[in-house]
Amino acid sequence: MSRPEDNLPPDLFYNDTESRKYTTSSRIQNIQASMTNRALELLGLETPSLILDIGCGSGLSGEILSEADPPHTWIGMDISPSMLGVALDREVDGDLLLGDMGQGLPFRAGSFDAAISISAIQWLCNEDEKGVDPKTRLSRFFDSLYACLKRDGKAVCQFYPRDDKQRDMICSAAIKAGFGAGLLEDDPETKNKKLYLVLTVGGEGNKDITGVVKNMDGVDVYDNRKKLLAKAKGDAKQGTKAWIMKKKEQDRRKGKVVKSDSKYTGRKRNIKF
Amino acid sequence: MKLLTANFLSCAVKACKSSPLSFPLHFREAELASKSVPYNPLLLSNLLPRLDWQALVTSSKELGFTLPDAKPELPLRSTTTTTTTANDDGDMNMDGGIGGGVSDEEEKTLRMLHKVLMETEVVEGKMVCGSCGFEYGIHQTVGNFLLPSHLV
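Protein chains in written order, with the numbering used here: chain A, 7 to 279; chain B, -17 to 134.
Hints are not guaranteed to be accurate.
[To be verified] If you want a taste of the chain A side facing chain B, the calculated C-beta under 10 Å gives, among others:
id	residue
1	Pro54
2	Glu97
3	Ile277
Derived by calculation from the structure, the hints in this document are not laboratory data.
Note that CB positions come from ideal geometry on N, CA and C, so glycine has one too.
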């Protein structure tokens, strides 16, 4: 399947024809609706909230936010003027902004209760122009997103990474910005697999990211952090015998000439020597 | 561009991030319209603590209407929807405000806020940063926050 991300930058790819096509396709509408509902479920908002929709496009997901129970108010941002034009024609309830998320979000601190983004943030990994570094764009985006959410706020970003490398790049950028982050995968191992990046801003209720899915059915939790922690602990300390043996083994694998191991390896020399 | 949004927007230029003048953005040559939006008192009372009232007063002055100088006070109440259902009266007025007893005064304040924040829109115009002077255009209610790459 071809990826729109591989063709053109988003503001040019979503031109008038493409925007119209995107908005009128009932297949896309359905997928978009189910993903937005899932995102709302993950956000778990109980009161009417102010939500930022990043990459709102023609407001397909925004409509669902307005009609949700309780009804939310949203502010949408997108880089494609044509998409926003379609949104205006459809008379969506949210307020719209033309902007590039890779340049950072132009909001003051603590503005929003929550943020959603449906099929958008993978565009940040594009390198369309010279001198545009995806890493910088990602960190600008996540840093500003972290700032503009209020404490205890949450963000859910559904995205389509090209490969695992891209997925990890996005996740690590989010963690670096200070978010508590987790990935939720719907329909894993199928063609319809959907990835949701769930982000929380520190606060009482958000100490552990796995708490987000605690009350949801059919979700298995794989906690990678414990494994990483154990691995870091298990690593040999520099200068110990185990560490020297490990290094020697590494060098041997590289084909270097390494002294053979003996009972003296890694031992301190006698002081009399 | 609703006034609600304008109350949260600050200048995105990198050099302005630390400057207190970058918020609020100042309206110029603004053309106003009003759009009817469903009244949502719960949302308004949730939003009120987060609003920068001084900025809102400034923006509204630029648009040619005045607001009280002091932020209206709403008594703190639990904002979950359960408060609405836990009404002793039994018969509930659907848009009858937040909790059980909303006084006329509060209702008036909320209606006023709703009108200013949600229903007043800037259709055409400009927003100018007080620090760097960068102009963000507003066209057909959509604000243009794309920056030239040297300002990012």
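Against the structure, the hints:
no., hint, result
1, Pro54, "holds (4 Å)"
2, Glu97, "holds (9 Å)"
3, Ile277, "violated (59 Å)"
Checked against the numbered hints above, the structure violates only hint 3.
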